[in-house]
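Chains as they are written, first to last, in the numbering used here: chain A, 7 to 121; chain B, 10 to 126.
In case anyone wonders, no lab produced these hints; they're calculated from the structure. One thing to keep in mind: the hints can contain errors.
Claimed, not checked - Here are the computed distance ranges between Cβ atoms for each label pair:
(1) A:Gly-34 to B:Thr-64: 38 to 44 Å
(2) A:Gly-68 to B:Pro-27: 43 to 49 Å
(3) B:Ile-69 to A:Pro-45: 38 to 44 Å
(4) A:Gly-9 to B:Ser-63: 26 to 32 Å
(5) A:Thr-44 to B:His-125: 25 to 31 Å
(6) B:Ala-26 to A:Ser-57: 18 to 24 Å
(7) A:Thr-119 to B:Glu-29: 42 to 48 Å
(8) A:Gln-47 to B:Phe-105: 22 to 28 Å
(9) A:Thr-103 to B:Gln-54: 38 to 44 Å
(10) A:Thr-109 to B:Ala-10: 18 to 24 Å
(11) B:Phe-105 to A:Ser-92: 20 to 26 Å
(12) A:Arg-21 to B:Pro-27: 24 to 30 Å
(13) A:Asn-83 to B:Leu-60: 32 to 38 Å
All residues carry an ideal CB built from backbone N, CA and C; glycine is no exception.
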Amino acid sequence: KAGVTQTPRYLIKTRGQQVTLSCSPISGHRSVSWYQQTPGQGLQFLFEYFSETQRNKGNFPGRFSGRQFSNSRSEMNVSTLELGDSALYLCASSLGTSGGTDTQYFGPGTRLTVL
Amino acid sequence: AQSVTQLDSQVPVFEEAPVELRCNYSSSVSVYLFWYVQYPNQGLQLLLKYLSGSTLVESINGFEAEFNKSQTSFHLRKPSVHISDTAEYFCAVKGFGGGTSYGKLTFGQGTILTVHP
Chain A
7 KAGVTQTPRY LIKTRGQQVT LSCSPISGHR SVSWYQQTPG QGLQFLFEYF
57 SETQRNKGNF PGRFSGRQFS NSRSEMNVST LELGDSALYL CASSLGTSGG
107 TDTQYFGPGT RLTVL
Chain B
10 AQSVTQLDSQ VPVFEEAPVE LRCNYSSSVS VYLFWYVQYP NQGLQLLLKY
60 LSGSTLVESI NGFEAEFNKS QTSFHLRKPS VHISDTAEYF CAVKGFGGGT
110 SYGKLTFGQG TILTVHP
């Protein structure tokens, strides 16, 4: 079974631009969660989508948004990029049911550098 | 809300020595507990998890962790480490049920384990 894939793997943008990252979950998984990983703040939860609906959201500004498609693929968008948005963005997929006992499987991440 | 504290940011150890990576958590609700490992330039891989039942859980590559509810801890141990265990290890918790727990893992800051020959 193929794992979680994320594209692109690396991105370089300049301040003020916007960026879209993509995540394809494991086949059959309906939940996709996004995380930001930085050396200073560690791993922080951005949001979670299940069946095309955002079910949960972390404490990030509105510049960070996401969506999920009917095939469970998900995208996240960051508008008006700031230097502090430089990070590794990880997505994780899971079945999304079972009261939270299902395991999250992570993709390799997208490394975003903002210049 | 939950928080996770990994008590050591770096742990150096010699090959074949035992190791313990410490994790304490705080939560207003019951939680599930996880250890993930991250190798350089890769995503996170699940090492082991505690959902219920026996408080001692084991992974296929020799790691084990014990859930201690009274001390709110979930320390990771291995009796004999290998060079290939060099990586960053993250402890994480997830609240029971839905609502603000949906799809959300709360992670510690990570512990870099370096195994020296």
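Do the hints match the structure? See the list:
In this structure, A:Gly-34 and B:Thr-64 break the distance hint of 38 to 44 Å, their C-beta atoms being roughly 31 Å apart. Look at A:Gly-68 against B:Pro-27: about 48 Å separates their beta carbons, and that is inside 43 to 49 Å. Distance hint for B:Ile-69 and A:Pro-45: a CB-CB separation of about 30 Å, inconsistent with the stated range 38 to 44 Å. The hinted window of 26 to 32 Å between A:Gly-9 and B:Ser-63 holds, with their beta carbons roughly 29 Å apart.
Between A:Thr-44 and B:His-125 the CB atoms are about 28 Å apart, so this pair conforms to the stated range of 25 to 31 Å. The hint said 18 to 24 Å for the Cβ distance between B:Ala-26 and A:Ser-57, and at roughly 48 Å that hint is violated. With their beta carbons about 36 Å apart, A:Thr-119 and B:Glu-29 fall outside the hinted range of 42 to 48 Å. Range check, A:Gln-47 to B:Phe-105: about 26 Å between beta-carbon atoms, so the 22 to 28 Å window is met.
Between A:Thr-103 and B:Gln-54 the beta carbons are some 22 Å apart, a value that contradicts the proposed interval 38 to 44 Å. For A:Thr-109 paired with B:Ala-10, a C-beta distance near 22 Å keeps the hint of 18 to 24 Å intact. As the Cβ distance of B:Phe-105 to A:Ser-92 is approximately 34 Å, the hint placing it in 20 to 26 Å is violated. A hinted range of 24 to 30 Å for the beta carbons of A:Arg-21 and B:Pro-27 is inconsistent with their spacing of about 48 Å.
The hint said 32 to 38 Å for the Cβ distance between A:Asn-83 and B:Leu-60, and at roughly 34 Å that hint holds.
The structure shown violates the earlier hints numbered 1, 3, 6, 7, 9, 11, 12.
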